[in-house]
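Engineer: Take a look at the letters that make up each chain.
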Amino acid sequence: MAARRAWELIGPVLLVAAVGFVGSLTSGSMEFQFRSVLVIATIVVALHVFVGNSGVISFGHVSFVVLGAIAAGVATTPAEIKARSLSELFPFLLDLQLSNIESLVLAAVLGGVFAFLVGVPIMRLSGLQAGIATFAVIIITNNVFRNWDRIGPAARALGPIPETTGFLQATIGLVLVIVVAYGYQRTRMARMLRAAREDPAAAQSSGVNIYRQRLLAFTLSGAMAGLSGGLLAHLLGSVTTEVVFLDLTFITLAMLVVGGIGSLWGAVVGALSIAGLNAFLAEAEREVGVFGFDIDLPSGTRLVVLGIIMAAVLLFRPSGLTGGRELSWPFARRGRVAPGG
Amino acid sequence: MGEAVLQVGELDVWFGPLQAVRKLSFALQPGEVVGLVGPNGAGKSTTLLTIMGMNQPTSGSVRLGDRELVGLSPETIAQLGIALVPEGRRIYAEFTVAENLRLGTFGRRQADGLEADLAWVNSLFPIVDEFRDRPAGQLSGGQQQQLAIARALIARPQILLLDEPSLGLAPTIVDGLFDALAEIRKRGVTILMVEQRAQLTAEFADRSLVMRGGEIVLTLAGDEPLDPAQIASAYFGA
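Heads up: the protein sequence lines correspond to chains A and B, in order.
In terms of this note's numbering, the first sequence opens at residue 1 and continues consecutively.
In terms of this note's numbering, the second sequence opens at residue 1001 and continues consecutively.
Think of the hints as simulated: they come from the structure by calculation, not from any bench.
No residue lacks a Cβ here, since even glycine has one placed at the ideal position from N, Cα and C.
Treat the hints loosely; a few may be bogus.
On the chain B side, residues computed to face chain A include the following (Cβ under 8 Å) [as the list claims (entries may be wrong)]:
no.	residue
1	GLU1075
2	ARG1090
3	LEU1103
4	PHE1106
5	ALA1155
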């Protein structure tokens, strides 16, 4: 039983390590795409912690990613460049200089605090209402960041941000969020939240405070999304509010749905497979050679193909590629069926 | 009559233009088993759900000892010592049997005695232990009902609310279920049960309240012989 449970963590970590290792053997734009895949997967796992456990769809998680990205970017962009190109920033932000790791911690803390503040009113909602409210959050956040030049680059690009998200950092970042997501899943709080996902009324009558559990998961998930934003900023070396907006919202949700919304394994498989395909299609839109053939896809193909895949999965395998189940122990025997009665 | 453990007073519940419960008043004595019977739409399940805080009454009160429950959330009411076994079992099909049972502990007021309660529940419903690692959705209907009651009992409730526990079960399984309820009664747990099987309930319970149109129209004492004509009249009106 213990080995079976450990496998639910070891399996995803081994897959991530394998992707990180293979990626480290590549070079050029392919190498960058591999690192992107790992960072995007970090966002998806963060999203899973809330969406997977609560069953409530969040369109707003990219708000925490953009906050983390801008916070980490502002905190690590050299002061002399900020003074020159972002002179409207609040003075304390102009003076702020943090190391790579410190900026990631800041991104995670801010992501968590923002998620908590947003979650206090929104986590009282359920179903479609909660989804629409979280969508409002990403719209508001994007507009605030795009127009308020005292806290970020506004409509301009933020950078140059030190590009410290190499393979090691990207892999460690993803493994860290997987470990935290797994650890959370094993807690009594997560069990309460999953019970509420399955049957809110039954959970309440068992003494589960659904609002409190959702808020807790939303905050934890927001902190992880903030960290992912920090990793993203240090991957790209330059951030605009448009890079971290609706495209990213759509694609990360698509990864979660394709992989299987209810499990950590589904989040990892969905993220790595769709992010990999997404990276390939992005390259193909700029022309890429595969086995001697040149593939040059028209602009926009990427999102069309991903949309079709998402719709196909919803049609033919609604619970995702993994069936929404954790990775099963490969040496398990099939159990007998309970006798009737 | 001693001091009531639960007192329902002048309860009115409306769903839009429809009144489901009208000026309903009754009390449960400690350790008493009370049945709520009556035709469909009589307001039986609404009464249970209102006690549990899942419906808000328009007026009236529900008191647990000297504590008013109206306005409290279901989880608070669960933590105060009332457990509901909802209609249709409502077990968590994808969770294992053991996980389902563990969820019942969230409503416990005290941590001590859990091992002993678990042993008792296992002796009452051996399938809970036997199939502990199996997804609860794989259990049969009767086994799921046993699990649902076990999950409620592990919270060590003062009052157990049962909504249609025999619904959809074969007669032999229902007999086993009532045997288990008899054991639960011996423990001093107060039981309020909604049932369609009026005769079985009336024979088992200390009292049965026949509801129609949201009101109590007849009270049957458990030791009284049943008069089918009187029951039919209470069910369908004179």
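Engineer: Using the nearest Cβ pair, does B:ALA1155 come within less than 8 Å of chain A?
Structural biologist: Interface hint status for B:ALA1155: holds (7 Å vs cutoff 8 Å).
Engineer: Hint B:ARG1090 vs chain A: min CB-CB distance below 8 Å?
Structural biologist: holds (4 Å)
Engineer: Tell me if the interface restraint on B:PHE1106 is satisfied: Cβ within less than 8 Å of some Cβ in chain A.
Structural biologist: Holds, because the Cβ-Cβ distance from B:PHE1106 to chain A comes to roughly 4 Å (cut-off 8 Å).
Engineer: Taking the closest Cβ pair, is B:GLU1075 under 8 Å from chain A?
Structural biologist: Holds, because the Cβ-Cβ distance from B:GLU1075 to chain A comes to roughly 5 Å (cut-off 8 Å).
Engineer: Identify whether the interface hint at B:LEU1103 stands, where standing means a beta carbon of chain A within less than 8 Å of its own.
Structural biologist: holds (5 Å)
The structure fails none of the hints (numbered hints given earlier).
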